[in-house]
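Number of protein chains: 4
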Amino acid sequence: MAPREETETEAATGETPVGAPAGASPPALGVGMVGYAFMGAAHSQGWRTAGRVFDLPARPVLAAVCGRDGKAVRAAADQHGWAAAETDWRDLIARDDVHIVDICTPGDSHAEIAVAALDAGKHVLCEKPLANSVAEAEAMTAAAERARARGQVAMVGFNYRRVPAMTYARRLIAEGRLGKLRHVRVTYLQDWLVDPDFPLTWRLQREHAGSGALGDLGAHIVDLAQYLAGEPLVGVSAMTETFVRSRPLPAGASAGLSAGGGGAAERGPVTVDDSALFTGRLASGALASFEATRMAAGRKNALRIELNGERGSLAFDLERLNELSFHDHTEPAASSGFRRILVTEPEHPYLEAWWPPGHALGYEHTFVHQARDLLHAIATGTEPEPSFADGLQVQRVLAAVEESAEKNAVYTPVLPELPAPQAL
Amino acid sequence: MAPREETETEAATGETPVGAPAGASPPALGVGMVGYAFMGAAHSQGWRTAGRVFDLPARPVLAAVCGRDGKAVRAAADQHGWAAAETDWRDLIARDDVHIVDICTPGDSHAEIAVAALDAGKHVLCEKPLANSVAEAEAMTAAAERARARGQVAMVGFNYRRVPAMTYARRLIAEGRLGKLRHVRVTYLQDWLVDPDFPLTWRLQREHAGSGALGDLGAHIVDLAQYLAGEPLVGVSAMTETFVRSRPLPAGASAGLSAGGGGAAERGPVTVDDSALFTGRLASGALASFEATRMAAGRKNALRIELNGERGSLAFDLERLNELSFHDHTEPAASSGFRRILVTEPEHPYLEAWWPPGHALGYEHTFVHQARDLLHAIATGTEPEPSFADGLQVQRVLAAVEESAEKNAVYTPVLPELPAPQAL
Amino acid sequence: MAPREETETEAATGETPVGAPAGASPPALGVGMVGYAFMGAAHSQGWRTAGRVFDLPARPVLAAVCGRDGKAVRAAADQHGWAAAETDWRDLIARDDVHIVDICTPGDSHAEIAVAALDAGKHVLCEKPLANSVAEAEAMTAAAERARARGQVAMVGFNYRRVPAMTYARRLIAEGRLGKLRHVRVTYLQDWLVDPDFPLTWRLQREHAGSGALGDLGAHIVDLAQYLAGEPLVGVSAMTETFVRSRPLPAGASAGLSAGGGGAAERGPVTVDDSALFTGRLASGALASFEATRMAAGRKNALRIELNGERGSLAFDLERLNELSFHDHTEPAASSGFRRILVTEPEHPYLEAWWPPGHALGYEHTFVHQARDLLHAIATGTEPEPSFADGLQVQRVLAAVEESAEKNAVYTPVLPELPAPQAL
Amino acid sequence: MAPREETETEAATGETPVGAPAGASPPALGVGMVGYAFMGAAHSQGWRTAGRVFDLPARPVLAAVCGRDGKAVRAAADQHGWAAAETDWRDLIARDDVHIVDICTPGDSHAEIAVAALDAGKHVLCEKPLANSVAEAEAMTAAAERARARGQVAMVGFNYRRVPAMTYARRLIAEGRLGKLRHVRVTYLQDWLVDPDFPLTWRLQREHAGSGALGDLGAHIVDLAQYLAGEPLVGVSAMTETFVRSRPLPAGASAGLSAGGGGAAERGPVTVDDSALFTGRLASGALASFEATRMAAGRKNALRIELNGERGSLAFDLERLNELSFHDHTEPAASSGFRRILVTEPEHPYLEAWWPPGHALGYEHTFVHQARDLLHAIATGTEPEPSFADGLQVQRVLAAVEESAEKNAVYTPVLPELPAPQAL
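Protein chains in written order, with UniProt numbering: chain Z, 1 to 424; chain S, 1 to 424; chain X, 1 to 424; chain G, 1 to 424.
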């Protein structure tokens, strides 16, 4: 039957993976993914689609997906197109047909899996935030550096760098179109915790999630700000808040904790932040402000970033991700203003392979681009961006945020401390 | 090897296609696509992805793709994931593993292929516009009706109905949220012909393309207006224009026509419209205005639609396709206004299967939704929307537009003539 | 008392009006206004404020206001700052202290008053539309031309030309920033007639209002389109509609027509259009579309205009009147887009005298600018824009619209007929 | 002559001022304004226009304006319509025809003038910020309280409270439409200092201006946030920055400081902040963020405020001051979203007296509304808002901001310290 033939064609190529750690030569690279929830679905779409759209140096093969619940992981494999299912990530890493380990689990397991995979000779793609602590992130970065010497690559999944508008913004900034940077302001606003009766999921418990809006949303905007600015944050001042301090236990959990029936749902303590608000300075002395919250009614995914420089400004809103606003301050004042660039031209990053101008891309395309870029990094042996070191830097900023929030918002350097910004 | 296993799993099910014309029962349905350019790439993405996202009654199998150039079609098959390649559409239709024929060719071949496929017992999906003439569209609709009696379905690819914001808009209108309709205004603005030296491609020659902006963009907005309003256009008044009446012949064509070398590119006549501007009346008496053009500098894909009714209004712009603007005129004036609905909630059409709120979809998702809906229609034996009869109605409107444009814009009924709108 | 002193200071100047028709020389010019409703209030604000903001060649003095109801006109004089009140416009014209007659009455009295005022040696500012018929407008234009020979000026109050964004748009177009024009599309959408029980005021009766949305809103957008394009409309194709054909008689009127009490309000026929929809061609061959309606729920004052040319495009919305969108099509595609110019820079028209950048102006400022420009025209003896001839041209377009609407939308030349657009 | 008559009519009324401190009874109230630059022009427009638009309990009379340069102040009096000119503010206060003293000078003279005026029995309107120090503001507030006992009123000119969209926002919040407040974020972005060669005016020198962006822009947004939220800020964490630390001396100043000619302009030190970035907590525990800067290229007057509560959200941008965005979080998610309310309906604050719906107001209308509200407060003997006590509270916040900025951004309570926010 026809659908078989596609596979047979692949089989018939008999080529060895390009850039495969073992030094093999065919153009296929097996991917093994750990975790298959929201991120797993998005990554699957990325792996499945990248080779259909881009001219890739290697064809990604969805070799195996891994999860603890055997039945569930098999269903996920069927749905998302993974050839095999595993229930122990160690087994996944051990597979010969897995060359890339893609880690989509919650943050508390990132370090163990990533280090093991790297040490086993695999390339690694790890979801953000890189880890739940600086120590873990340091260990991971060290492992990545060791692996790098062996030709392996390690990338962290800050996918918003791969929204074409953001990649293009970085290009404009790198070209000097903003000049000396003065301000960066970023918010990431969501509203799914506004309802005080939203249940107490694992994401709201520190032991599992590490932190709340800070690690989930804040990590994205810290990375994006540093990526776009092309320089690190050197210190922060922060406040965090948990507005709703107890929430109903989920049905199962409640049953487990309470013998009694009837009445209102039992509530448990929320142990992570609902919101994090912080300011900071970049290495150049530019001022930056950040807000990450799950309590902004009506804002669904409002990652908004604006950068102001001496020669121009840029603005972006993830809810309108095909657009970039650019103000060129070197133009005559009377005819200047923020222009809405529809980032869908063939000259824009990634767009040469997509649809004609004006035909919108969406959220999931960032994962297609991520897959593409990782495969290029593997093929060319170049360090992928964002690297684990980039992820570690974000982790250090988050740690400084938490420290500042505990110390009455006092300005707290991001370690290791850089020299103070020069007088301007 | 792992990637094989996916296929083996499929093979192991041994099920017959659901809703397959031959009465077989397995859950796989083979698709055969004719044409593999822009639309072919988009449809391929739809077929590949639908089953990964939605819970479908049948699994679409990319059986074979067809094109006249054997080498090129084989490359396209590889790129887009089609199991086989054919060079004659008659052979494609004859394949046993093809249950659905998906027609992505230019309009002049739609009728012949579609009628043959339907007569051969296949389901048909045909790109828009349905045909290049009313007569062809009538023949296709007759064939579809004959096939319908045999349990086959035929759908025309007006994919913009399947932008979730548009499907949701239709739902709001059907629920009466706009009340009695007064105005529909739609534009579809692009700018790729602004440059007078853009070459004379086949799309600019009447013998191949039928018409210009009218058939390409105008067909979309006529269908969308009628779909949303829930009623047909009954008459139109139109002007069309070809602003740039000659264009450089494409490199190859030029060589063919001219012995001489050197000098500027030779130019040939543009024989279709660059722009079409028309007004009309819906069956209810509402006024409608339409503009389709490829000469609107800076507008890349500006399909904009607004509907005003006695109880509310809706507005949409395809360049921001995740948003719908809705004004509820029954609310107190002081606190009312057009609200920007981010059409990404699980309650919105198609969104139950996609990402969390605020995570944008893009252009190509309409093709995933189209594949899903066609498969449901096949499985349930219901008439798909838009049907060939819907496509024929659009064709009749376009014919009335061309007739009016030739007759000094005089109001021209869309045939067959409906009774005049009632006094209001 | 202090407030007296201001006047005494003025008195002490003893200067004669600049540009006064009688050849006098002082820098004060007396204004006599006929009508004091909505337009009268706006014009009063213009006359009171112009000299406080701009450096004028003559100081406008609010000499007298005229209305038929003596008590009401005296109250209006008090409220709006007019020194005297008259109840017969002939008496107003006859006043020696009136050098400018400002006509703010409904259209049916424009011609008689304007011709009399011009023949009496006064400058005239007449509200739009210039008249209720072409014949009246022709007579007024003839009178203006006679008066022009005597050094008088006559201007028609198409105030939207004096929104700074519109004046600036005209400047950009005149400088060639749009290149050859292809498209003009304008709507003027309001919603105050959506409610079918809005009463039957005089504006909805043909004998008083001439026409409905067409003369009220359509006149504005026809003038604005021609002003911006810098060329006239040469022909139109039109549909008009009266969606709600009877409305409750106003309280007083109802009492007059009905002996009976109780029950629902009596209704009378609406004899003007609710909506007018028309397309047309400019002298250059550019296509234009127009929609004027009072039935667009949620649109309060949505005068929206977009112009597309070979080198760029402009867009404007009166609901955001401090902004102009400009796309420069000569820029590289990757970094181009519609830029939002905040038209509040000192380099922008009229803005040198107002607030710092970013400090918004409003609707009424158009009347301040109108007063300023009229006074400059008087002082310099130049023809003001828009002239009565401009107003007549708009009237001819409206007449062609009504004729086309009566003739099944057939394309109807605007008389006197210009040569057909050149082949392009 | 006509213009005289207006005054004679006023004179003829013979009424005594309503609410005049001396107990007189006529409906006129004399205003004496100190300062006549930007703010003076805006206030003049407010005083001149208020009685033409609103039905006021007293008619404001522009009695006298005061400035140190006799010739210049006389010219300003002429231009703006003030009956008399004074060169010493003590003389202005002493005038019998001055009942209201309107202080439009830089902040360093506010305290002395305001206290003297209040002690002399006058009503006082004082521009923001109330003073350059907390001590001054305390003295002024004490004087206002003493005066209040004598029936005088004192108001501070935070005019943005009187943008109708802001007044209406406050009404919605007071009605509970946002529910419990979670977030307030406000920026006030301008760009006139981006150019490093913008000259060193007095506004950039601490001894004259007190502070930079903080006192100028920051004062506005602190007041607006507290006004809208209906509760005070209780503590802040702040960073400030002077990006450009030296600037060219203005022509005159340079000459004064430098013997030498030729070469580039001499530069002097900027001693105030260019930018201030701070976070804080409101009494209810809501988080707030603030940014005031003159270095945001392309942002002309971007006072943007967003408030998120448990039941809804509001957003506003001063560059589009006729609009308010409102999200009602109690509506069904599928049809909810931020609605754009055009705040021009007769039901909106102040709008009953202005133009029809959709006809925009501008910046200067806030001063008309301010005049109206002050006159009502005088007539009714009610405390005006914002009172001097409100201005003092803002001053205390600014002091805490400066203290925090000096102390490494540590969280600094606004004094007098309120009890800590309750546990939520």
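These aren't lab readings, by the way, just hints derived from the structure by calculation. Check before you lean on any hint, since a few could be wrong.
To be verified - Cross-link-like lysine to any residue pairs, in silico, SDA-like; alpha carbons within 20 Å at most:
1) X:71 x X:38
2) G:180 x Z:198
3) G:180 x Z:334
Said to hold, decoys possible - Now the in silico label distances, taken between C-beta atoms and shown as ranges:
4) X:171 x Z:171: 27 to 35 Å
5) S:75 x Z:38: 30 to 38 Å
6) X:382 x G:352: 35 to 43 Å
7) X:171 x G:197: 47 to 55 Å
8) Z:230 x S:75: 33 to 41 Å
9) X:179 x Z:284: 55 to 63 Å
10) S:68 x G:332: 25 to 33 Å
11) G:199 x Z:353: 47 to 55 Å
12) G:353 x X:311: 41 to 49 Å
13) X:145 x G:208: 41 to 49 Å
The beta-carbon is built from N, C-alpha and C at its ideal position, and this holds for glycine as well.
Hints, one by one, checked against the model:
1. X:71 x X:38: holds (18 Å)
2. G:180 x Z:198: OK: residue 180 (chain G) and residue 198 (chain Z) at ~17 Å, within 20 Å.
3. G:180 x Z:334: Violated, at roughly 43 Å.
4. X:171 x Z:171: 27 to 35 Å: holds (34 Å)
5. S:75 x Z:38: 30 to 38 Å: holds (35 Å)
6. X:382 x G:352: 35 to 43 Å: holds (40 Å)
7. X:171 x G:197: 47 to 55 Å: Check failed, 28 Å falls outside 47 to 55 Å.
8. Z:230 x S:75: 33 to 41 Å: Between residue 230 (chain Z) and residue 75 (chain S), where Cβ atoms are some 40 Å apart, the hint holds.
9. X:179 x Z:284: 55 to 63 Å: Violated - the Cβ-Cβ distance for residue 179 (chain X) and residue 284 (chain Z), about 41 Å, lies outside 55 to 63 Å.
10. S:68 x G:332: 25 to 33 Å: Since the Cβ atoms of residue 68 (chain S) and residue 332 (chain G) sit about 52 Å apart, the hinted range of 25 to 33 Å is violated.
11. G:199 x Z:353: 47 to 55 Å: holds (51 Å)
12. G:353 x X:311: 41 to 49 Å: This hint holds: roughly 45 Å between Cβ atoms.
13. X:145 x G:208: 41 to 49 Å: This hint is violated: roughly 59 Å between Cβ atoms.
Comparing the model with each earlier hint shows violations of hints 3, 7, 9, 10 and 13; every other hint is respected.
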